[in-house]
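Residue numbers (this note's numbering), protein chains in the order written: chain A, 0 to 339; chain B, 0 to 339; chain C, 0 to 339; chain D, 0 to 339.
The set of hints was computed from the structure by calculation and includes no laboratory data. Any given hint could be a false lead.
A pair counts as met if it fits within one copy or between any two copies, since identical chains are not told apart.
Capping the alpha-carbon separation at 30 Å, the derived lysine-lysine pairs in DSS-like fashion look like this [what the hints assert, rightly or not]:
id: 1; residue 1: K320; residue 2: K48
id: 2; residue 1: K201; residue 2: K48
id: 3; residue 1: K319; residue 2: K48
id: 4; residue 1: K197; residue 2: K179
There are 4 protein chains.
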Amino acid sequence: MIIVMAPAATEDQIQEVIARLDQRGYGHHVSRGVERIVIGAIGAHESEKEAVAEQLSTLPMVERVVPILRPYKLVSHEVDRTPVPVRIGDAAFRGNELSIIAGPCAVENREQLLQAAKAVKEAGATVFRGGAFKPRTSPYSFQGLGEEGIDLLVETREATGLPFVTEVMDVRQVELVAEKADGLQIGTRNMANFDLLKEVGKVSKPVILKRGLAATGQEWLRAAEYIASSGNLNIILCERGIRTFETETRNTLDLSIMAWARQETHLPVIVDPSHATGQHQLVPPMALAAVAAGADGLMIEVHPHPDRALSDGPQSLTPKKFKRLMEDVRRVAEAVGRSL
Amino acid sequence: MIIVMAPAATEDQIQEVIARLDQRGYGHHVSRGVERIVIGAIGAHESEKEAVAEQLSTLPMVERVVPILRPYKLVSHEVDRTPVPVRIGDAAFRGNELSIIAGPCAVENREQLLQAAKAVKEAGATVFRGGAFKPRTSPYSFQGLGEEGIDLLVETREATGLPFVTEVMDVRQVELVAEKADGLQIGTRNMANFDLLKEVGKVSKPVILKRGLAATGQEWLRAAEYIASSGNLNIILCERGIRTFETETRNTLDLSIMAWARQETHLPVIVDPSHATGQHQLVPPMALAAVAAGADGLMIEVHPHPDRALSDGPQSLTPKKFKRLMEDVRRVAEAVGRSL
Amino acid sequence: MIIVMAPAATEDQIQEVIARLDQRGYGHHVSRGVERIVIGAIGAHESEKEAVAEQLSTLPMVERVVPILRPYKLVSHEVDRTPVPVRIGDAAFRGNELSIIAGPCAVENREQLLQAAKAVKEAGATVFRGGAFKPRTSPYSFQGLGEEGIDLLVETREATGLPFVTEVMDVRQVELVAEKADGLQIGTRNMANFDLLKEVGKVSKPVILKRGLAATGQEWLRAAEYIASSGNLNIILCERGIRTFETETRNTLDLSIMAWARQETHLPVIVDPSHATGQHQLVPPMALAAVAAGADGLMIEVHPHPDRALSDGPQSLTPKKFKRLMEDVRRVAEAVGRSL
Amino acid sequence: MIIVMAPAATEDQIQEVIARLDQRGYGHHVSRGVERIVIGAIGAHESEKEAVAEQLSTLPMVERVVPILRPYKLVSHEVDRTPVPVRIGDAAFRGNELSIIAGPCAVENREQLLQAAKAVKEAGATVFRGGAFKPRTSPYSFQGLGEEGIDLLVETREATGLPFVTEVMDVRQVELVAEKADGLQIGTRNMANFDLLKEVGKVSKPVILKRGLAATGQEWLRAAEYIASSGNLNIILCERGIRTFETETRNTLDLSIMAWARQETHLPVIVDPSHATGQHQLVPPMALAAVAAGADGLMIEVHPHPDRALSDGPQSLTPKKFKRLMEDVRRVAEAVGRSL
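Kindly produce the complete structure, drawing on both the sequences and the hints.
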């Protein structure tokens, strides 16, 4: 890290910073410019780095402390230079081929699931999705079928052969879901639920980690680092829109951070245009945009009857629209040298 | 709710909307303006309202659906017109008197806690704070002392007489903390952790609910509604800064939403200027601003030695600075007709 | 508009609202629900609508006033159902063919311009860009060559045959630029500079209107309405990234609003991935994403020597990288049924 | 500035950076850490600093370039350590005494102005405000009385003795307004209208510079630097709310940046709670908060009849409410050691 001293810093105050660095086992070099004195600190114990930076910044006449290294290691591109695809069932993420996850927002009943699963499989999806535990903004809204919903997802897998992913919201659900599902999903509201991240880090099933709706790219990768440092490197990042001042769309899909994350990490990065836009008519253009920008896959909400959906109807595609989209996705994927 | 039809809507499409309303037990009235046809829906079952609105908005030529009612009930000012103060120990929140919560970010050791507690009590704080379970952005940072930290807080209470509040991050911690602490705190990252909200809704101890760092005022009150609808009305709202584009301060303290929340709900609303600003020199002006704007209390980080703190040193006040601030708080409180 | 009364509203207060509507020539209908009384207002003079809504909302017990109509007319899709392409030189925007605008951020000298123009033309761009009047955050940075820069752009057009667009920042520049350039550009900082919008509304040359970096989609279309209502309908909208909390990218490219704007208006909408991302390595993926999402064109910064550029070097493509990008753009355009 | 090299940087690439620094007249020192090589650059010509930083960041294996110095000089606290109050008429800003600017949003007619001016003077305001040139989001809204409005403001000053400030939106208005008004105001939409900033920098009358609604604190001070570097140091900064995701309030009043700006610069900083909140009932708490946090003054909208106002009625105080607020302001000012 770099410590910038205020112009009025005395020699004693500079020496105080150096003494602190010394105590903590850092080397240092001092650079005396015309308007500022800057102290570079060399070497650090990962576990103390941030606390030391904070402590130094409370000392008199320290103007600011600038970190030099990225605050994540295991998920960084530097550590593991050749990305290894993460698999959910037979679907691989971050190979040449794109993989498409599709299905309804919430598990409602057997019939709905089967219809949805058959339709998305036929159109080319290779992973099914459906929520049994649902995070709802209102306590009075449909809260999901819970364990019963998981069982319906298992039945649907048996009937169609499609592996499935489903969300965990609570540490008490992890064991059950890890046993029955093919992949676990951490929703946007839980990206910084660190206890939950640690729990899914202890299982071996792949984890889809959605970006928090107000999380910076760095915080997202740090959340992935939590999972990785608990032992599970089967992580798929999922960009799903961030909160901005714009109100015409539910959230603002941030494809440039998706592209950035693919450069910064060896993990696969997929995109969920359904939650990002909140409007079915914007899902196809954003899905194609994601593929053109290099996404390793898509997660799309499909419901046999959006006008009767218990949640997220407005952003769900009908099977027919999804089929048409998949044809377009195939063409755009080929245009950028990928396949479906 | 109000359903606005697109200009090109046919009579059949309008009738389709009306038929749906009928099926769900809503009355309706149609208003035919020059450029738009607008359908008003009357009456609704709370538990279905949002799903119905979503479903209607997927019908052809429905331009948008505008809700009319506020999406919370139990915490709304309409329901309970005279706010009843919430108490933590002897400290009352939302009476004429302000109550001040103070203490270090994290529980580090017995000595630190005692020093901090004695200092803040002497200066006039009536509730102590300290984190035993810590949400840290990096998995490599100090994660808190856990259960041992709770025991140290209990000891500190015995030594000083100050009741204490502490954060719960995980449903598995609720029972323990509810038994030992005088109040539970839900941190900003867990404001939309609905399973956790339901659990703290089942205990009787007061809950301090921090606003999510990207939560709208409405979402904040809906989170409170989760706790209330699970049975616990002892809720204290806490504004602690929101995420904006500004980077000079850690977050942006949103005092106008604090004032709005006091009008919109019967719950007490307090302010945490420490997390909002991230810089000790901005804590006093923002604390005074909060009091002048009508806050029912403050939550302030105080550490005996900020330059050795294991977390949040830069935003912690020393006991001396805290004492001076409390004198100023007293004067501003009196200027707006409150007392300390 | 719809006027929602507070629950405590008396009959007199309701009649007061109705009397006001009457005075202003509005019809009304009252809908008495269980929890709220809602008054619909019918008919309005465009020029008074917003003032009336504001005035009504100040009356006692008016909870809120909800507008029903979109606040723009001339640029709305409703008015002119078949989009007519806007032309800059021979390049058409919002036809089947995409048009690409490219060139350096700032006009630096004759040599730089010629090199850039030849390179972008050869790669397939059909409009040249370059700034003579430069909005710079610091008063000490290079402020552009001004009128001399315009003359260099004219020379470059003579040498290459490429039409050019350039920014106007000040009402005093409009006449000169409108006379010499093939198109005028309104930068992101001036999107709500209404006097400037009115001036460019009086000329007949096409205007590229960049979205303000914190402007909502609606405000953007209202800014276009300013130009249109002054007489100039040759408007090309340009999405160039919005300001969010994310700091890894300079701005956040908002492609979903681009897609929304193409549905909402009959105007062409193009995308500038260079300013949005601020990093040359993110320009190609975002350019391809824009095309896949349906953009009518791109505006891209190309500099013969980004490492010597007087502004925006980090986001400029070299001619070689631009050429490669254009090949990819062609393929993605074809994949979505467009051509280059 | 500090240049951080990527881990894979070769010795040649490091030497290339050093050679560039040399050419531009910078000294350098290289610090070789375990994971990164960092190059410190010493000394710089103000006018080239940002361009050089940009150019260096385009070189191969340069990870990032970190600036060390603040990007403003004349307005910085470092340059002029004792703030000198700025005066509008007899009202001083940034002395011990607070000064209050009040009046209607827009100049509507003689009667309205006189009523408003007499009322605010009686309540204790020492500067009058009113807009003759109005920036309106819709081209169909009332656009202000223009020059005639300025004349009415002059008449009102003659009748009441109150000096007045009014907004300039267009470089063509500066001469007239500077001649007739006691202070010029740059509105939030024009904070980065650099040509306008340069023009008001050439006059000697004080300038109130509102923060752009999406401007960082640093950009705000850089805008002030534009005015200062053109020759006018009579600048008053005005915080008026920023754009965030919150929609319950029109904008989010950012008092912590107000407090920050008072530490960072020697300029006075005032607060406009009317535009920030957009709701008259939130104006008093936010006005008091601003004073408690150390603001040097307030700017408040007062209209004799908000329910007939041609703009901003919902956020205007009646004379009666303003009078009551001023009494509270006086008490809070005294509580923090200031006077009115």
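For each hint, the structure was consulted:
1. K320 / K48: between (51 Å within a copy, 27 Å between copies)
2. K201 / K48: within (25 Å within a copy, 39 Å between copies)
3. K319 / K48: Close across copies (28 Å), not inside one copy (53 Å); limit 30 Å.
4. K197 / K179: For K197 and K179, both the intra-copy (19 Å) and inter-copy (25 Å) Cα distances are at most 30 Å.
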